[in-house]
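Number of protein chains: 2
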Amino acid sequence: MDKSLRLYLQNRKAIINKALNKHLYKSIKYPPVVHDAMRYSIFSGGKRLRPILVLAAAEAISRGRRSAKRDEALLKAAVAMEMIHTSSLIHDDLPAMDDDDCRRGRPSCHKKYSEAVAVITGDALIMRAFEIAAGTGNCRVVREIADASGTRGMIGGQAVDIEPFNSKSRRQDVIRKLNFVHANKTAALIRVSLRIGAIIAGAKEEELKALDRYGRAIGLAFQVTDDILDVSEDEGVSYPGVYGVAQSRKKVGQLVKEAHKSLEMFNGGINKLKKLAEYIETRKK
Amino acid sequence: MDKSLRLYLQNRKAIINKALNKHLYKSIKYPPVVHDAMRYSIFSGGKRLRPILVLAAAEAISRGRRSAKRDEALLKAAVAMEMIHTSSLIHDDLPAMDDDDCRRGRPSCHKKYSEAVAVITGDALIMRAFEIAAGTGNCRVVREIADASGTRGMIGGQAVDIEPFNSKSRRQDVIRKLNFVHANKTAALIRVSLRIGAIIAGAKEEELKALDRYGRAIGLAFQVTDDILDVSEDEGVSYPGVYGVAQSRKKVGQLVKEAHKSLEMFNGGINKLKKLAEYIETRKK
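Residue numbers (the numbering used here), protein chains in the order written: chain G, 1 to 285; chain H, 1 to 285.
So here's chain G without its partners, still in its complex pose (with noise of 0.2 Å):
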């Protein structure tokens, strides 16, 4: 990875986890197991992509016209973006859904604590995610992570993965399906941090839908090649697994050029997410 953007990511990272951790109650012990399974399950190691892409949005948008007050609703609707992702987690790994006993390589939450304690720490999270977007005092951002996270987006893209998978299905349904889920489950929740950011940032329309574009091809693009990376997956219904190996990875250069094109119309403040797009394509983990 380019060292910028390594020191970068690094930077942004701490501040975020500073602000998750100033989140989550930590004065709160009753009921301990919830308190304790949400920052179980915050705290697991994540790369918390969304909540930068809140951060680096804004600096696309507004650059010399930062103020306190701003930074500190940034970090709210950042900190909001990384517990809906998280929440998503948790709930996708229930036996009922995925069925995942590891997450980064530790126990998932309904292997750490129980399925009961799973589900409501996943529901707990979301709850706390709203009151924290809400605290940004502007109801726009709200209803757009809401919509982004509901089933006209993430949501929606889970509900269309868990469908059984038909073996006898014809290629256009399953390229279909795998396109909507890719785009929903996946990069609905970048584009509306992105968007988030940029509105808190006082962003015009086009900007926004600038940034919108560029969030929906790092999306796939991300998805994209998590489904290479990720051998274990079952195919069926990953890109590699309709696609091959190598058009996929043609997918996922045409996606970045696209991501870069989006970004023209901006003068500076562009330089990370120009090479976070980059690093997407050639990233090893």
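Hint data in this document are derived by calculation from the structure and do not stem from the laboratory. Some clues are possibly wrong.
To be verified - Simulated restraints, written as ranges between beta carbons of each label pair:
no., chain 1, residue 1, chain 2, residue 2, range
1, G, Phe43, H, Asp173, 29 to 37 Å
2, G, Phe43, H, Lys285, 55 to 63 Å
3, H, His260, G, Glu163, 50 to 58 Å
To be verified - Simulated pairs of lysine-lysine, DSS-like, Cα-Cα distance not exceeding 30 Å:
no., chain 1, residue 1, chain 2, residue 2
4, H, Lys111, G, Lys177
5, G, Lys209, H, Lys22
6, H, Lys177, G, Lys22
7, G, Lys3, G, Lys13
8, H, Lys3, H, Lys261
9, H, Lys22, G, Lys177
10, G, Lys69, H, Lys204
11, H, Lys112, G, Lys168
12, G, Lys112, H, Lys177
13, H, Lys69, G, Lys204
14, G, Lys177, H, Lys112
15, G, Lys111, H, Lys177
16, H, Lys204, G, Lys168
17, G, Lys112, H, Lys111
18, H, Lys3, G, Lys112
19, H, Lys168, G, Lys111
20, G, Lys111, H, Lys111
21, H, Lys112, G, Lys111
22, G, Lys22, H, Lys209
Ideal placement from N, C-alpha and C gives every residue a C-beta, glycine not left out.
Given the structure of chain G, go ahead and fit chain H onto it with the hints provided.
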């Protein structure tokens, strides 16, 4: 039930059901299963107590100060409360939680669909609730709902409720647990329903506090009468289980008196809130 109360509840229920229908994305068809499951669970014959309280609290605050915009915001807040409540029932019924196959005489969501669908349908209703709540344009309303639904309210109550019951617990620990679950799992959403209705109607802080006390009292009364009426429930951590039925009925009487007392500061607009409290004491189902 008092006839004027019955007609009032019928009327409000019809208004709320219409709003719920409108806010459940009627036009969206894909993915079908999660949208079907949301409708199935929302339209399963609930009493709509929480959304009715949103509307009733507003009546106590601003007689004659109604506007179309305010009424629209109240309905949005009301719909959001019912969605969060329904989401908690869906997740509560899951095999890992209370493991209930039936809800209001029909198969519970995970029995009708699947466990996976029930998990994401509950999540989807929470997301939609916050999207609609944010549509009021009032971030305080969103924050209050999220706080009351999270680990400092409803989910906190659920977390303690799912702790394994230890038959060797000291009586005072059982009572503490019982009070915590009742105050949080049920009363928190009832209190916040009244609060957000009053906030949208422009309540002063002392009016909010009075309605909050009323909500706490009827929330507990409601839960205790639920315990008394629910003969099938395993005893142990229910009010009648700890105090006996006679003492529990006495407690309900005290709570209804408390509820009435907290309404004394209002000059009218509280007739229905009074009757609702009385009804809880005499209800047979």
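Right, here's what the structure says about each hint:
1. G:Phe43 x H:Asp173: 29 to 37 Å: 31 Å, holds
2. G:Phe43 x H:Lys285: 55 to 63 Å: 46 Å, violated
3. H:His260 x G:Glu163: 50 to 58 Å: 53 Å, holds
4. H:Lys111 x G:Lys177: Distance of about 25 Å is within 30 Å: holds.
5. G:Lys209 x H:Lys22: 28 Å, holds
6. H:Lys177 x G:Lys22: 28 Å, holds
7. G:Lys3 x G:Lys13: 15 Å, holds
8. H:Lys3 x H:Lys261: Between H:Lys3 and H:Lys261 the Cα gap is close to 23 Å, so the pair holds against 30 Å.
9. H:Lys22 x G:Lys177: 28 Å, holds
10. G:Lys69 x H:Lys204: At roughly 27 Å apart (the allowed maximum being 30 Å), H:Lys204 and G:Lys69 satisfy the hint.
11. H:Lys112 x G:Lys168: This hinted pair holds, its Cα atoms lying about 26 Å apart.
12. G:Lys112 x H:Lys177: Holds: G:Lys112 and H:Lys177 sit about 24 Å apart, inside 30 Å.
13. H:Lys69 x G:Lys204: The given pair, whose Cα atoms are some 27 Å apart, holds under the 30 Å limit.
14. G:Lys177 x H:Lys112: 24 Å, holds
15. G:Lys111 x H:Lys177: 26 Å, holds
16. H:Lys204 x G:Lys168: Answer violated: H:Lys204 to G:Lys168 is near 63 Å, above 30 Å.
17. G:Lys112 x H:Lys111: 27 Å, holds
18. H:Lys3 x G:Lys112: 53 Å, violated
19. H:Lys168 x G:Lys111: 27 Å, holds
20. G:Lys111 x H:Lys111: 24 Å, holds
21. H:Lys112 x G:Lys111: At roughly 27 Å apart (the allowed maximum being 30 Å), G:Lys111 and H:Lys112 satisfy the hint.
22. G:Lys22 x H:Lys209: 28 Å, holds
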